[in-house]
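Undergrad: Okay, here's what each chain looks like letter by letter:
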Amino acid sequence: MAFDEVTTRPTGNQQGRSTGATVAVQMTDVSRRYLVGSSEVAALEGVNLEIDEGQFVVVLGPSGSGKTTLVNLIGALDVATDGEVVVTGRRITGASRAELSRFRRDTVSFIFQSFNLFPGLTARENVQFGRDVTRRRGEGGDVAEILASVGLGERLDHFPHELSGGEQQRVAIARALATGNRIMLADEPTGELDFHTGVQILGLLQEQADAGHTVLVVTHNREISRVADRVIELSSGRIVRDGPPIEGKVPVDELSW
Amino acid sequence: MRLSFWLRWSGRDLRKRWPQVVAIALVIAVGTGVFAGLGSTTQWRRESNDASYAALGMHDIKLSVSEGSTAAAGRLRRLVDQADGLDGRVDVRAMEERLIAPTQVDASIDDEAILAPGRLVGVPVSEGGPRVDGIEVREGRALGPSDDGQPVGLLEVHFADGRKLAPTGALKIAGGASLDYVGTALSPEYFYVIDPRGGLLGAMDFAVVFAPLATVQRLTGWAGRVNDLVIGLRPGVDRERLVAAIEDAAAEGAPDLGITVSVTEDDRSWQVLHDDIAGDQQFWNVFAGLILAGAAFAAFNLAGRMVEAQRREIGVGMALGATPATIARRPLLVGLEIAVLGAVLGVVVGLLVDLAIGSVFEDLLPLPVWKTPFQVGVFVRGAALGVALPMVATAWPVWRAVRIPPVEAIRTGHLAVRGSRLEALARRLPVPGGSLSRLPLRNILRAPRRTLLTALGIASAITTLVATFGLVDSFVGTLTVADRTTLAGTPNRVMVELDRFHAVDSPEVRAIRDLSVVGHAETGVKLGGTLAPLSSKGGGAERSQAAGDRRSEVNVLLEVRDLDHGEWVPPVSKGRLPRSSDEILLAAEAGRDLGVGPGDTVLLRHPVATTAGSTRIEETIMRVAGLHPSPFRFEAFLARPDVLGLTGSANAIQVRPAPGRTVADVQRAIFGLPGVASVQPASAMADALETAIDQSVGIFRVIQYFMLFLAVLIAFNSTSIAADERSRDHATMLAFGLPVRSLLRLAVVEGLMVGLLGTAIGLIVGRLVVEWFAVTLVANTLPEVGITAQLATGTMTSAVALGVAAVAIAPLFTLRRLLRVDVPSTLRVME
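Chains as they are written, first to last, in the working numbering: chain L, 1 to 257; chain E, 258 to 1088.
Hints are computed from structural coordinates only; laboratory data are not their basis. Check before you lean on any hint, since a few could be wrong.
Computed footprint of chain E on chain L; a stretch qualifies when at least three of its residues, placed anywhere within it, have a C-beta under 8 Å from a C-beta of chain E [to be verified]:
id, segment
1, 70-79
2, 96-104
3, 107-119
If you're wondering where the values come from, they're calculated on a predicted model, not measured in any experiment. The beta carbon of each residue, even a glycine, is placed where N, CA and C say it ideally should be.
Kindly generate the complete structure, drawing on both the sequences and the hints.
TA: The structure is reproduced here in structure tokens:
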């Protein structure tokens, strides 16, 4: 079975933001419920949203609010119990395991809280992995250039355990970039990092958004939401706020926590 | 905290990893089960041997007159009676004279020609005899007084069973006489049949016929004559004193008979059955040791991983102030539970091994009494090993874990990632292809300890396989050498042995020469002798101290033949062929055992024919002219018969079939002629060795099946651990859209690399074990044959195929787990 191609229109109907850009992500009445023992727990309930291409979106919420579930559904790591998820015009809902796998390979790239680098591969090779998986050789520049762009031009042949946490997360970002996919999903990317390193990582993600990538950052740190184009706030599996930062978008170097 | 709490907790740990737990328990079970099962056979065989020899009254002392000689009935008995200090009524339980004669047996059925060299054993059948070296009838009926003088006998069971003969039937013996065998039977001297010409290799190719004494005397033309006397002593009698007295009496009263006095332990069959137990035990010990080593490596592997997975919990425990002893309780209990499971399963495996190997032994060594009781001691030792192995395997990583600082143990995320020193190597090692191609090798180098444990586990299984196959290869290789040396140039030679010495121009010899089926006939002499080393080289006459020890002597079959113009001459590997009367050509194996080479001298103890027609034993110093490459140690060649006093005589004839005639034609034509003892192809010895190999293969098959199972278990266990350890890597790859088949391919490639490493180690160690088997073990239990250690290409290919296949297939067992991996949850796991 192939993905259903869905025509996406310029945005304008979701809670007051309209850019006229193409919709990257569209979720309609999406719910995700899990069975825990004999009882059912709703991680997400009736979520509707649209995210434009090139937006820097921060998904904010306390633990258990459903923010990681939201990102997993967009990234096709998980499937919705109800509703429809369409990403870059492809309907994920009802897709087979192989199609989901292909979708992830061709559409999204992940950045994890604990980096999840392959400990047996050097920084260069970890980034090369992103390139090899998508088979987009030659696109988006040389692997060494990508690493240099995240400030790791001198650490190419180091193994993960020879790098600091910040450096490891930079490699993870470089790996995501190397896939050439336009949607970057970052789940608590600064969760394991100190403030200064965290800010540097956010700066890098901001640069990717500026370069046209759609970036979704999941965090429980409200301060981080200040650098976003758009903040989606979740509570108990529902969107309780969706819009630009309350005090307006600020540059990364103005953050403090 | 109560024990039940710890048991519950550790039980949950076990359930969580049940496939690995079951696999490791099975590995331990195979190791300890094979150890216990094979170990039991030692006790079985000891008990069965003792009971069997006792049941049939094995002789304590035996008097044999020299080959070709006989004595009037009653003469040997009188000699013993005259022995100084012997009181027949007090010391002797029974004493019986016998007549034993070489013959050729024709047991052909319909179209199938069954011609074999053999022996007629004439025994007293009155008064319930024979009472020494008794006969147990397996099928048919026993011989009784009414059979004395009648053409009836009993066929030895090894030959009858080996040739699939009916329990009763008709035979023809050399000279054309007919004899009905009324049953099949066993007797102590033939519990393990030894062909006097071919050493240990006679089980199926040497036909022994037990018949009444008068019958054998009539059939051989030796009416009223005997050549053997066996004595059964009463318990507590000083046997050595009696042996000395009988030897003195024989030397004084019958120097013309060349009498040899021997005791139970001199009997070659007795020696083989007893030495074989010790040899086999060493053999089993090596196998059990290898299997246990495999089990130990696998246990260390799993225990290490389980403790590693609990690292953080151990750290938390330490942070909460728990003592190392308390922290160690849970993983140690897991180890104990696996140990108990392994030991219990080990008993089951042991019983299965006993069942399989017991029936193989009963077929291979038919004894009148086979005792196969459950060996409690051996099984307890096996179970103790089964418990100790995983306990030690668990204790080591636990001890290491509780010594780690708590802060390090509870560390999570990227800080918990560790590298290995081999990564420096990995960085420089060029691997073609992309990042995915590099991953398998990197993973191997990143976890060198686990890689090594897995490789060694596989290696132990491969070693065992290579050792079993390699032993067969070595025998087959030896067989090939034997064929090459004995059949070179004249593959159709037929060896005829005469019943005694005849003049080379006698009617008996002429009758053979004149047969139309005979193309060429060449007379010779074959006679048994013994070689002993001398203490000095270059003609020194001092017999070395070692020569006093019977076991340091080498029994040889002296063959006198025309080495200048003969149709076939033995090939020479070192030195040259003998030219003069005092020169001898030895097998390289005999030279090695005696410590002599060309130019050295040896002491030859041999019979000499006297002018009176009898023989006497003499010792002659012989110079070793050269060595021949035949693996049969007993083959020795002389150029002239004068040293044996047999100039102009022959008891052996080599025959080449006439053009268009076959070996079988010659055998049939010669068989019925007078004076013929046996007719067999020159390849008979090699054929007998082939038979012996075929018999041994049954035992090896049992071991091989268990090894195959063990290799797959170890491989599965290792792959399962690897999949467990790499679950986060796998989840990340899946998150990036890598298909499951690619993950599986990575696991297979990684498995192949470890498999190749393990196989390479297994081949090397296996080759060394085969070398040890050939040089030490087989050399002790089968000294007549010089086995050269070798591994056939097929063996190596099979070992590689098995080693690689086992580990390459194992990842397929993890497919289900890969298909069901919960990517989001696995990615969120903190370590």
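Undergrad: Work down the list of hints and note, for each, if the structure agrees.
TA: Against the structure, the hints come out as follows:
no.	hint	verdict
1	70-79	holds (count 4)
2	96-104	holds (count 6)
3	107-119	holds (count 10)
Taken one by one, the earlier hints all hold for this structure without exception.
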